[in-house]
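**Student:** Residue numbers (the working numbering), protein chains in the order written: chain U, 2 to 253; chain F, 247 to 651.
Each hint should be verified, as a subset may be incorrect.
To be verified - Which stretches of chain U does chain F cover? Using the computed rule of at least three CB atoms under 8 Å from a CB of chain F, they are:
hint	segment
1	51 to 64
2	104 to 115
What the hints assert, rightly or not - Below 25 Å or equal to it, Euclidean Cα-Cα: the simulated DSS-like pairs (lysine-lysine) are:
hint	chain 1	residue 1	chain 2	residue 2
3	F	K638	F	K338
4	U	K126	F	K338
5	U	K127	U	K90
6	F	K262	F	K249
7	F	K338	F	K399
8	U	K18	F	K264
9	U	K80	U	K90
10	F	K249	U	K126
11	U	K90	U	K215
12	F	K249	F	K264
13	F	K638	F	K262
14	U	K80	F	K338
15	U	K80	U	K127
16	F	K249	U	K90
17	U	K18	U	K80
18	F	K399	U	K80
19	U	K127	F	K262
20	F	K638	F	K264
21	F	K249	U	K127
It should be emphasised that the hints constitute simulated quantities derived from the structure, not laboratory data.
Predicted, not measured: the structure shown is a model, and the values here were computed from it.
For every residue, glycine included, the Cβ atom is placed at its ideal position computed from N, Cα and C.
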Amino acid sequence: MENRYVIRVEDAVKTYKTGKTEVHALRSVSLIVEPGELIAIMGTSGSGKSTLMNILGCLDTPTSGRYELDGTRVDGLSKNQLADLRNQKLGFVFQGFNLLARTSALENVELPLLYDRAGRWRDTKKLAAEALDRVGLGGRLDHQPSELSGGQQQRVAIARALVTQPTLLLADEPTGNLDSRTTVEVMALFQALNESGITVVLVTHEAEVAQYAKRIVEVRDGRIVRDEPVRGRRVAADDLREMDEPTLEAAA
Amino acid sequence: MKKANLVRVAVQSIRKNKMRTLLTMLGIVIGVGAVIVMVAVGNGAQSRIQEQIQNLGTNMIIVTPGSSAQGGVSQGAGTFNRLSVEDAETLKREGTLISAVSPVVMTRVQAIGGEGNWRSSVNGVSVDFQAIRDWQVSSGAFFTESDVRSMRKVAVLGSTVAANLFPGGDPVGQQVQLRNVPFTVVGVLAAKGQTAGGSDQDDVILVPYTTAQTRLAGRSFIGQILAGTASAADIAGAQQEIRAIMRESHRLGDGENDDFTVRNQDELADAASGTTQVMSMLLAAIASISLVVGGIGIMNIMLVSVTERTREIGIRMAIGARGSDVLTQFLVESVVMSVLGGVTGLAAGFGGAALLGSLTGWSTAVPPEAVLVAVGFSAAVGVFFGYYPARKAAALNPIQALRYE
């Protein structure tokens, strides 16, 4: 396979065994994501979207089927190989921010660089500072998560995901804990990053958030039931401008 | 993950929980400190005993009355006192490896003289006694061979006796009465201090053994015969020789047991230090229990920490930490804690030993290898008690760990 696709899933099945009953979390999913896409995976809870996201995020492997990430076959890899792959090719953004408490923004962002086994990174502090600068938090390197607002914490998390220059940015309900304005701000950041060439996969259950993506994939009962480009796509930067209180920008 | 980063990550998370880290370390601090203090006390006692035994004299052999058996019934040591002045004279005459021999005729008397009276032990000895015990005189001189031969009534006072009978003055040339017999003081012994057993060596009056036998009759007996060799190498041979001569002069047949005991100074030292060694081992063993308890404290805290930090572990794994990275991090955390505790405990132990020494007057000494053992042992405690929690952390499933509330 050529490296044309960031994600190539073919007929992935995931079955959990709990006692004697089998739970079919994914029945048969095929998905292709090309470089530069901004794709929203939607679905209600129990639809299988979390399972799909875990597989895409190399946190889990499909029971059967095939998954290639950036040309690397993922299914069948060992735990350690999965960990290395996550470190090298993926950036995670979670709903609950998942920053290390009592640890400065800089140290949080630096962390994935420290876990690199290939020795790719030299000046890890400088790289982390640059990533924070990129998400607009260049002035808050030494702040701890408890000293930052939700939107700022999520930006730190995004910086942490970006710092290793991943092939894919994987965001699991990134706006779930944010108010509407901060949601738009964070989406503006994702759109800007996407414009600069980063492939982004958003997992969300909010239709408004999905409207900022380029493409929507809907999962129901372990199958993809809809896969189409977004019609009437919204631009977060424009929405922000439409919001009448530009002074809030600085406060956030 | 690089090793330097690993230590950094571990130290970072230790720093984040200062109070908890301190409390956890306290267990190890107390454990190591207690072991060091106990070892110091035991070791100090031992070296003090060695010193005191050395103080008895050099290359000394001691013959004491031994046990005898009658019809297979052992009568216990000293039951039949068969040591005699003749034995000492025979040894002196026939011994080839023995350079000096002195009988010790022991009795207790009320000494009267100078400004008062003092009850003390009188030892009738030969001139060789001074050489065997390596005992200098601080004033006057030791009595001479001719004093012994002529049974002169001369005495050499131990410093305690001199101080009690003649406070402030020089007793040399003065008279003391021992059992109503006037003796002329010819010398005063230099102070030797206490024996290992705690009795005052200086509370003694030395007189020629011949004089003691004739003038101080009564309950006088030969408590022991002291012998000395020219060099330490001769001691074992001299002991053999003494035994052979004594058996012959006591006319003991082949099947009969010795009716005397021959020991050298090292054997005395071994016997004495053997006891303290057992004591100090016992103390150290009890103290080590607190070290183990400290280790269990570390394990406890690390287990709590793994549960508490489940989400953190999930995050680390999601961003690329391998199970082994997490394992090493937790292991390094527990080892760093226990080694820091060990080093602090070492300092506390040194301080505690010094304090105890100055409060009680016991001599304490920390052997240098104890430092290495203490630090090494606390690191081992860290690894041993940190491994299980660390493995638990490493085995977490990242998906479940991330969802953990």
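**Student:** Each hint needs a verdict: does it hold in this structure or not?
**Tutor:** Results of checking the hints against the structure:
Counting residues of the segment 51 to 64 of chain U whose C-beta sits closer than 8 Å to any C-beta of chain F gives 4, which meets the bar of three, so the coverage hint holds. Given as covered by chain F, the segment 104 to 115 of chain U passes the check, having 5 residues with a CB less than 8 Å from a CB of that chain where 3 are the minimum. Straight-line distance between C-alpha atoms of K638/F and K338/F comes to about 77 Å, which puts the hinted pair past the 25 Å bound. Taking the CA atoms of K126/U and K338/F, the gap is near 87 Å; set against the 25 Å cutoff, the hint is violated.
For the proposed pair K127/U and K90/U, the alpha carbon gap of about 20 Å is at most 25 Å, so the pair holds. Between K262/F and K249/F the alpha-carbon distance is near 20 Å, which keeps this suggested pair within the 25 Å criterion. A C-alpha spacing of about 23 Å is found between K338/F and K399/F, which places the hinted pair at or below 25 Å, so the restraint holds. Distance restraint check for K18/U and K264/F: the Cα-Cα separation of roughly 43 Å exceeds the 25 Å cut-off, and the hinted pair is therefore not satisfied.
Distance check on the hinted pair: K80/U and K90/U sit about 15 Å apart at the alpha-carbon level, within 25 Å; holds. Between K249/F and K126/U the alpha-carbon distance is near 17 Å, which keeps this suggested pair within the 25 Å criterion. Among the hinted pairs, K90/U with K215/U is consistent with the structure: their alpha-carbon atoms are about 22 Å apart, no more than 25 Å. A C-alpha spacing of about 23 Å is found between K249/F and K264/F, which places the hinted pair at or below 25 Å, so the restraint holds.
Distance check on the hinted pair: K638/F and K262/F sit about 21 Å apart at the alpha-carbon level, within 25 Å; holds. Distance check on the hinted pair: K80/U and K338/F sit about 87 Å apart at the alpha-carbon level, beyond 25 Å; violated. Distance restraint check for K80/U and K127/U: the Cα-Cα separation of roughly 30 Å exceeds the 25 Å cut-off, and the hinted pair is therefore not satisfied. A hinted pair counts as satisfied when its Cα atoms are at most 25 Å apart, and K249/F with K90/U qualifies at roughly 23 Å.
The straight-line distance between the Cα atoms of K18/U and K80/U is roughly 20 Å, inside the 25 Å bound, and the hint therefore holds. Restraint check for K399/F and K80/U: the C-alpha separation of about 98 Å exceeds 25 Å, so the hint is violated. Proposed proximity of K127/U and K262/F is supported: the alpha carbons are some 23 Å apart, at most 25 Å. A distance of roughly 23 Å separates the Cα atoms of K638/F and K264/F; the hinted pair therefore holds under the 25 Å criterion.
In summary, the hint linking K249/F to K127/U is supported, as the alpha carbons are separated by about 20 Å, within the 25 Å threshold.
This entry does not satisfy hints 3, 4, 8, 14, 15 and 18, going by the numbered hints stated previously.
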